[in-house]
Amino acid sequence: MKLERYELKAEDSLMVFEFVSDGPKGRILKLVKFSETNLKDLYNLAFGDKDMNSGELNDLSISNNGDSEKVLATVVSTVYAFTDYHLNSFVYATGSTKARTRLYRMGITKYLKDVTKDFYIYGLRNDEWESFEKEIEYDAFLAKRKNLNFTI
Amino acid sequence: MNINELNKRKTPIVVIDNSLKKYKDLPLFQEKVDKANEMLRTVGLPKDKKKGHHA
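Chains A and B, in that order, are what the protein sequence lines are. Residue numbers for the first sequence follow the numbering used here, so the first one is 1 and each next one is one higher. Residue numbers for the second sequence follow the numbering used here, so the first one is 153 and each next one is one higher.
Honestly, the hints are just simulated from the structure, not real lab data. This structure is a prediction, so every number in the text was calculated from the model and none was measured. Be careful, since some hints might not be right.
Cβ pair distances, simulated, as ranges [claimed, not checked]:
(1) A/117 x B/173: 27 to 37 Å
(2) A/22 x B/176: 18 to 28 Å
(3) A/36 x B/170: 15 to 25 Å
For each residue, glycine too, the CB sits at the ideal point set by N, CA and C.
Go ahead and model the full structure; you've got the sequences and the hints to work with.
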């Protein structure tokens with residue numbers, strides 16, 4: 001995958017990342033956070049816009065900054081960095097809205113061949129995880145980095 | 153290394169900025185985390201990760 005991405009900053013545990021979207025609407029600060037869940041080694045991935053003045057975060061905003069593909073590619077790159085550091089972790093993600101979840105599904109579908117070289121990708125459907133398939137609507141997604149050591 | 157070479161790397165180069173640590177323990181996107189926990193309580197993890205066609 002040779003997509004353009006934004007430069008990333010992170011704190012040293014690589015659970016919080018920041019980058020700046022730069023487009024026709026100006027510079028928009030984005031924050032990506034991997035949060036612990038009640039399941040060990042499973043982290044929730046969420047990202048949103050950070051108001052440069054108030055510092056407040058919004059994961060429902062629609063920036064329309066003309067760079068959605070670059071933003072998604074940057075978020076995907078945080079998953080690479082995170083799973084390089086947090087070995088054997090699962091990353092869970094879902095959109096803030098159904099439309100956004102569908103957008104994520106389309107993004108995964110578009111680059112499925114590349115992504116599955118490095119990750120096991122699952123989709124949540126009817127309250128069950130299944131291997132991600134194209135053309136199927138899912139409620140959420142789960143990614144697990146492929147490596148030589150993992151066992152259930 | 154120029155930007156094109158950087159973009160070819162799957163794992164990005166990350167500049168460490170520990171001023172971001174303040175967000176680590178804040179309940180950011182907490183609604184999403186709560187929803188994830190609720191779902192994971194009943195669904196759990198994939199039953200057999202190796203069954204997938206990507207394996």
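Verification of the hints:
1. A/117 x B/173: 27 to 37 Å: 33 Å, holds
2. A/22 x B/176: 18 to 28 Å: 26 Å, holds
3. A/36 x B/170: 15 to 25 Å: 19 Å, holds
The structure agrees with every numbered hint stated previously.
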